[in-house]
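Novice: The residues making up each chain are set out below.
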Amino acid sequence: MATSFKINGKTAQSDAPPATPLLWVIREELKLTGTKFGCGTGLCGACMVHIDGKRAFSCQTPVGQVAGKQITTIEGLSADSSHPVQKAWLAEKVPQCGYCQSGQIMSAADLLAHNPKPTRAQIVEHMSTNICRCGSYPRIVRAIERVAQEG
Amino acid sequence: MTIAVRNADISRRSFMVGAAGLTFAVASGLRPAEAATRSGDVGLSPWVTISTDDTVSIMSPAAEMGQGSLTSLPLILSEELDADWAKVKIVVAPPNDDLYKNPTFGYMYTAGSNAVTSYFKPLRLFGAQVRKVLLANAASHWNVPVAELTTGPNVVIHEKSGRKLTYGEIAAFAEIPAKAPEVAESELKSPDKFRLIGHDVMRVELPSKVNGTAQYSIDVQVPGMLYGAILRAPVEGSGPEKIDEAGEKAIAQAIQASPAIKMGNVHIVPLPYGVGVIADTPWAAFDIKDRLKVTWTRTGKGWGFNSEKALPEFAKAARDMSQPTKLWGKAGDAIAALQTAATVVEAEYRNDLVYHAQMEPLNAVASVSADGQSCEVWCGVQSKTIAVTVAANALKIAPDKIIYHDMLMGGGFGRRGHRDEEYVHDAVVMSNAVKKPVKVMWTREDDIHNGRFNPLSAHFLRAGFDASGKLIAFHHRKACDEVTAFQDPVRYERQKGRDGIAYNGVDAPYYEIPNRLGEAVPRDTGLRTSSLRGIAHLTNVFAIESFMDELARKRGIDPATFRRDLVKSAPRATAIIDKVANMAGWGKTRENSALGFTYMNYSGTQIALAAEVTVDRRTGAIRVPNVWTALDPGINVQPNTILAQTESSIVYGLGFALFERITTDDGAVEQSGFYDYHVPRINEIPEMHIELVATNNHPTGVGQMATPLVAPAIANAVAELTGVRLRETPMTPDRVKKALG
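Protein chains in written order, with our numbering: chain F, 1 to 151; chain B, 152 to 892.
Treat the hints with care, as some may be off.
Stated by the list, open to error - Chain B regions said to be covered by chain F (calculated; three or more residues, Cβ under 8 angstroms):
#1 360 to 366
#2 833 to 843
As the list claims (entries may be wrong) - Simulated pairs of lysine-lysine, DSS-like, Cα-Cα distance not exceeding 30 angstroms:
#3 Lys-240(B) / Lys-31(F)
#4 Lys-393(B) / Lys-240(B)
#5 Lys-87(F) / Lys-238(B)
#6 Lys-31(F) / Lys-587(B)
#7 Lys-87(F) / Lys-240(B)
#8 Lys-117(F) / Lys-31(F)
#9 Lys-467(B) / Lys-452(B)
#10 Lys-31(F) / Lys-586(B)
#11 Lys-31(F) / Lys-552(B)
#12 Lys-452(B) / Lys-552(B)
#13 Lys-621(B) / Lys-547(B)
Unchecked claim - Chain F regions said to be covered by chain B (calculated; three or more residues, Cβ under 8 angstroms):
#14 4 to 13
#15 16 to 22
#16 30 to 42
#17 64 to 70
#18 85 to 91
Simulated from the structure, these hints should not be mistaken for lab results. Glycine included, every Cβ here is placed at the ideal spot set by N, Cα and C.
Build the full structure now, drawing on both the sequences and the hints.
Specialist: Structure representation (structure tokens):
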């Protein structure tokens, strides 16, 4: 009863029970640990990934539901930290403890993919799914604005 | 860049002298002169290794939790060494208190915004000593007087002859003197010559934090590793009385739900404080844990404790002069002065329990050997030497049998530096039960239910004015649990019961009031308590700065001016107050919003903060559109890091001020997740206007200085806007509505 899907362009399979949160399959079975466990309730965004090009809380996504789908994790966003969001994140020195930042970056990349020139209000609205306990929020806004400006 | 340095590396490194390059094997922690005589010791470890390829490896002794010390500390050493930062390799120091202890704490402990301030002088001195050794070697190599030599980044220069030697070239032939060279303080660089200190560099681990490669303990993967979860007793000091037959039933049910669970790998581990579950996947471990039914012993002291009902009792105790107290700090005779004062003003403030909510739920990985006589540990902790001690004590083996792997922390905020580091202990005992590697993870629910909180507190304050209107007496009594007694009994005993984590600053020592008295009115609830960002000041300064505002208003004096008069002989303090007043446009009337002002001297860092608020009188919701703050922590070692920490401090202070609240009933925590514990999100934060003031004073802390000022600034602004004083944190909409009437 294995589930097959594509992750970061490669085919993957999981034998986990279909109800198992995708997060745990990604982290502990596929060993892609950039995606983080923060709350398990879809309220902090540390587990954010892209499924078929849209962001999703991997802790709220049963692995059984991703059969045949394309998943991108932080490891697959770019091979060399060259995604514009990653570059802007470094330019603005966004991360502090860094634990939430994979999720923040995946959320930001999702926003910019669908809305390349978001307003500040749209940025704040979109990013309010993701908690950063270190309070890197002002820098997150600046980094996203930087990507939007630099195009 | 996380380098997991193992204990074992120490001896290997000490044998590097003369091999790959030049290892400055200077022992005895931060007193190199004395160390040279011990340079054959096995426990010897270097701070600096210069390789023949010109790489300069520097040990970083602090733990990294996002505050930047991993980078800042080696940078300080590099400044005096005149190292080329591009060639510096930062190495995480292994757990060794003799060598790498924080001089203030006496052990490797990263807390209290203290790393830069405590290591600053010793690291500069040591950098200068290594530079002197390089100069001496170059001088004898060229046969010229040392006085004719200078250095540039990683290079010794003889200007007269135009010759140069890189540090790496010198390392190939250099000899280390038996005795480390003396360096007088006057020989250190003057701040205007700094080319690293005061100039931002990229934090060394930052690139790993944008691509998922940063390694936290939760990310550790060990071959054959199993997963552990623990159901803990809801009250500290209790344990399982009876694991209801559900122990086995739970497993059976879980297996029914998840046929993939390999029965052979499932273990129920009774522990003195809970019941552990080990399984071959995390989902199986969590699932079985959630199905466990356990009857707990009623041995813990906290049973029956209801925090909401207790707070009024705390307030009563704070007012009750017959209650036993501990003196925290005093000047003059506040009690006598209050008796003779022409006017006495009293006020009371209260604070709920607060949770750290670090983003990485607590976890650790341990692998105990088959004979139980050695163990590898992977963890993120504020004290790595405590982690080693905890692991060794759990197995009753010697600390040198522990192989320690240093991991980044997904947030600390005071939660990861307790003397028992219980989540490290968890992993060790669980691994010991099966003699296999085990990753023990707490869920978010576990992390809250077993949280260790900033304590519940009630504050009673009195002030006395003489007939001329001069503030002559200040008395502050704080009723709360003694945090150090729980968090760190070793320190509590060493300090003879003096509890800085709970009471520091209760006497407002920076205010020039002739008679001041700060007293502890200790409670003993049995709750788990902890230092949290802002530490004692978080609640003390809410009380003090709210009270100062009330006093200023009673006297009809502008609140910023009132504070300024109370620090008038401290020019750095008046300067910071003036600066923030200026930044905020203090004194200007606004429509529908108002400002509140605050100031404090936080361990030598001067900081003032003003907040603008609006209040929705219908819902009671407070909004904070703007915060202005400026701080003077002396020398600004890494300005961008100070800015980041200040932004961070403001957000943390906002949560404390408006949202964050833990309650207990029958001793058990009532909140369970981010659905009922509200931390600030990006759509709730103010515009932050921050200015750094750099002075040539010894650098002081920057990691949490704004946090305690946010709540009183908000309360003071609400008082200005509505005339109503909010006396309790968090200032939730229901409380605001009630206060507005």
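Novice: State for each hint whether it applies.
Specialist: Hint check results:
no., hint, in the structure
1, 360 to 366, "holds (count 7)"
2, 833 to 843, "holds (count 4)"
3, Lys-240(B) / Lys-31(F), "28 angstroms, holds"
4, Lys-393(B) / Lys-240(B), "54 angstroms, violated"
5, Lys-87(F) / Lys-238(B), "23 angstroms, holds"
6, Lys-31(F) / Lys-587(B), "19 angstroms, holds"
7, Lys-87(F) / Lys-240(B), "23 angstroms, holds"
8, Lys-117(F) / Lys-31(F), "34 angstroms, violated"
9, Lys-467(B) / Lys-452(B), "21 angstroms, holds"
10, Lys-31(F) / Lys-586(B), "23 angstroms, holds"
11, Lys-31(F) / Lys-552(B), "29 angstroms, holds"
12, Lys-452(B) / Lys-552(B), "36 angstroms, violated"
13, Lys-621(B) / Lys-547(B), "61 angstroms, violated"
14, 4 to 13, "violated (count 0)"
15, 16 to 22, "holds (count 5)"
16, 30 to 42, "holds (count 11)"
17, 64 to 70, "violated (count 0)"
18, 85 to 91, "holds (count 3)"
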